[in-house]
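Participant: Heads up: the protein sequence lines correspond to chains A and B, in order.
Mapping of the first sequence onto the numbering used here: residues 60 to 609, in sequence order.
Mapping of the second sequence onto the numbering used here: residues 175 to 426, in sequence order.
Don't take each hint at face value.
Straight-line Cα separation of at most 30 Å, DSS-like style, residue types lysine-lysine; simulated pairs [what the hints assert, rightly or not]:
#1 A:K560 <-> B:K199
#2 A:K560 <-> B:K269
#3 B:K369 <-> B:K402
#4 B:K369 <-> A:K538
#5 A:K538 <-> A:K560
#6 B:K247 <-> A:K580
Going by beta-carbon spacing under 10 Å, a handful of chain A positions derived as facing chain B [as the list claims (entries may be wrong)]:
#7 R366
#8 G520
#9 E554
Since the hints were derived computationally from the structure, they do not count as laboratory data.
Every value quoted in this text rests on a predicted model; they were computed, and no experiment measured them.
Just so you know, even glycine gets a beta-carbon here, dropped at the ideal spot from N, CA and C.
Below are the chains, spelled out letter by letter.
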Amino acid sequence: MTLTIEDLQNIAKIERDRQEGTTYQINVCVAAGCLSCQSGLVKEAFDTEISRRGLENWCLVKGVGCLGLCAAGPLIQVQPQGTYYQGVTVNDVSEILDSLGGSPVARLECSQHQAFFQCQQKIVLENCGKIDPERIEDYIAEDGYLGLFTALRQMTPGEVIEQVTKSGLRGRGGAGFPTGLKWTAVSKAVNNTKFIVCNADEGDPGAFMDRSVLESDPHRVIEGMAIAGYAVGASHGFIYVRAEYPLAVKRVHTAIAQAERLGVLGNNIFNTRFEFNIEVRLGAGAFVCGEETALIASIEGRHGRPRPRPPFPAEFGLWGFPTLINNVETFANIAPIIRRGGEWFAGIGTEKSKGTKVFALAGRVNNTGLIEVPMGTRLRDIVFEIGGGIPGDKRFKAVQTGGPSGGCIPEEHLDMPVDYESLAAVGSIMGSGGMIIMDETSCMVDVAQFFMEFCMSESCGKCVPCRVGTTQIYHLLHKISGGQGKPSDIETLGELCDLLKNTSLCGLGQTAPNPVISTLKYFKDEYKAHIRDKNCPAGACRMQAPEEAL
Amino acid sequence: MKKPLRVDERSLRADVNPVRLLTFKIDDRDVSARADETILTVARQNGIKIPTLCHMEGLSEHGACRLCIVEVKGMSRLMPSCVTLPRQDMEVLTKSDRVLDYRRKILELIFSERNHVCSVCVTNGHCDLQALAVEMGMTHVRYDYIYPTHPIDATHPRFSVDHNRCVLCLRCVRVCDEIEGAHTWDVMNRGISSKVITDLNQPWGSSETCTGCGKCVQVCPTGALSEKGKSVAEMVKRRQFLPYLQMMRHRE
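Okay, chain A solo, but in the shape it has when bound (with noise of 0.2 Å):
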């Protein structure tokens, strides 16, 4: 039994006649955010409650993914008015199912206006906070799969390929690498046998994009492997996540198994002789296997070690075969740029830079949590607008972007679009995208030393300028912390950085240095305080007093 349209949009109408045949319904976040503040429960005492007074037919509970505003966890949304309930507890489910129909309970209320939900454009998180991410009938009620049976029905794999191009789509794991440039590529490799991965090792400490993806809305993930394995002429696939990420495994797995019973996974998709299956590989707590030719090696089962490129992966990869690795994010943009078209998605974002962006907003910031805003947005309205400033009165002192590969952006630069060549231009990288906020009482010479202490316990210690020269910059940024620096040492740090970034083997030793080059050029007073004054002036570092030194 093959699926057909029919059958798609039958799927599709059952449910939406299940979910409006209610009046009002209640979405309860079960992302790792929330549930973590105990938002399982919230949605429990909901069941229950409405299976108590009887109100099935009237109201419905779902648990969806990530609302995006972490910081007011646990979060639900009352539907069809949009009423976004922050901080809910057990003990208000009562109160807020007597207000139905009401006025919304004030107490509890958290603003849809705000600028967090209104400067927002989504594309990849479009389905977030709105489906169950455990139901695959309710991802095709959101014209799931449609870019799927778009592509295999209507389109050439050459045709596909195009549209990917024409959006002007850019790999989101960092690097922006033309994600049409790369399925071109991988095409015209000449083998019966190709690989699609899927990069899901996400490692940047304060970025949550990719987990979030995989947990509220996997089964677009795995709708745009579908696609780019029909493009490229794969019908393997790989997603390789973390270990670290329980919720959004155990999500994959339910979506896969949903997807191969339905047949959207499979032999013969949507009648067609294409075929088209993914496992799920677990990374074992590796940063470093975020690096495609590591990543490589550890779903081949060898020691996850990134080797010279070229060959590259497209023409080289897993076991040797031709192998696709995008990112989460980049998949996730796949079917909407097959359903409505690569013109449709280049009409967003700036020149070079197209579509939206996810950002993981973390740190001294009101609104921490997730946001999807167009390429070019101005890195103040990302930080003050939507992000609500920082708390307590306090100054604003640098974003710091694209987690250890990337650098730390001053306020004089706060007024610049983002994208990718505005952020490389500041000495920054737009990575996967995290985005720590920090204020005036964070050190930048502790900054630089917490992501320098973690590229150091990263390094696969491979290549000597990454294994030895991290931990050489490690021990001298300690020192300056500590108050024990010479004036000489500031020197040294910028030739190890610039050592670093040109001889080392793989994009983690490359671009190891990018968070001290970037604090030496904005802060060097910071460092110079710590070294000529034996102080730091944000208070954050412990000087320790010369005898205690050796």
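Go by the hints and put chain B onto chain A.
Facilitator: Just chain B now, kept in the frame of chain A:
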């Protein structure tokens, strides 16, 4: 039976046609190469010296020590010559100031990593690392020594391993796997705490896979692996077996 595909086997470069020949320039000298030969191979054929440490003729390329980096005109990043294939009309510089400066820094980093004390080392005078330092005119190390604590494993009846001298070139791991076929050696941990181990980090003497062939000892560039009974400066490495084995295998 065909061996499974391995990335590190040079002949498996899917993107090159080994039949093609090309010409390019190394240090302003015209040289010709087969498309699957690396820049390092071609340079050596033409008598141009490029320092190497992890590279060893007869073993797969590792590309990790970064001492063989060269500058390619038109590319901002430096390329390791042991794994980079030449392209037609490429211009390679092996001795530019930039390259020499980086090489020197990398060498100093290697010296700062572990405890390389030449005066009491079994390979003093016969050491690849020491020779590189002499060749590059390294007089001191500008970085702080890390001084890690590493044990010596002398449980094997004929050989001993001193991790204080190890530079993690992994020649031992490769020769054991690719030439001897035992795969006794491997690496554990990552980053600065990486360490070569025998079997599953058991004492070398109790290893069940080690054949005692001693190939690892002979290819080791430093005094990390040595024969027992040798005193300071007495350990001379004999590597003639590698080209010989290579030749015999190719004849077959």
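Participant: Give a verdict on every hint.
Facilitator: Right, here's what the structure says about each hint:
no., hint, verdict
1, A:K560 <-> B:K199, "holds, 26 Å"
2, A:K560 <-> B:K269, "holds, 20 Å"
3, B:K369 <-> B:K402, "holds, 21 Å"
4, B:K369 <-> A:K538, "holds, 26 Å"
5, A:K538 <-> A:K560, "holds, 22 Å"
6, B:K247 <-> A:K580, "holds, 28 Å"
7, R366, "holds, 5 Å"
8, G520, "holds, 3 Å"
9, E554, "holds, 7 Å"
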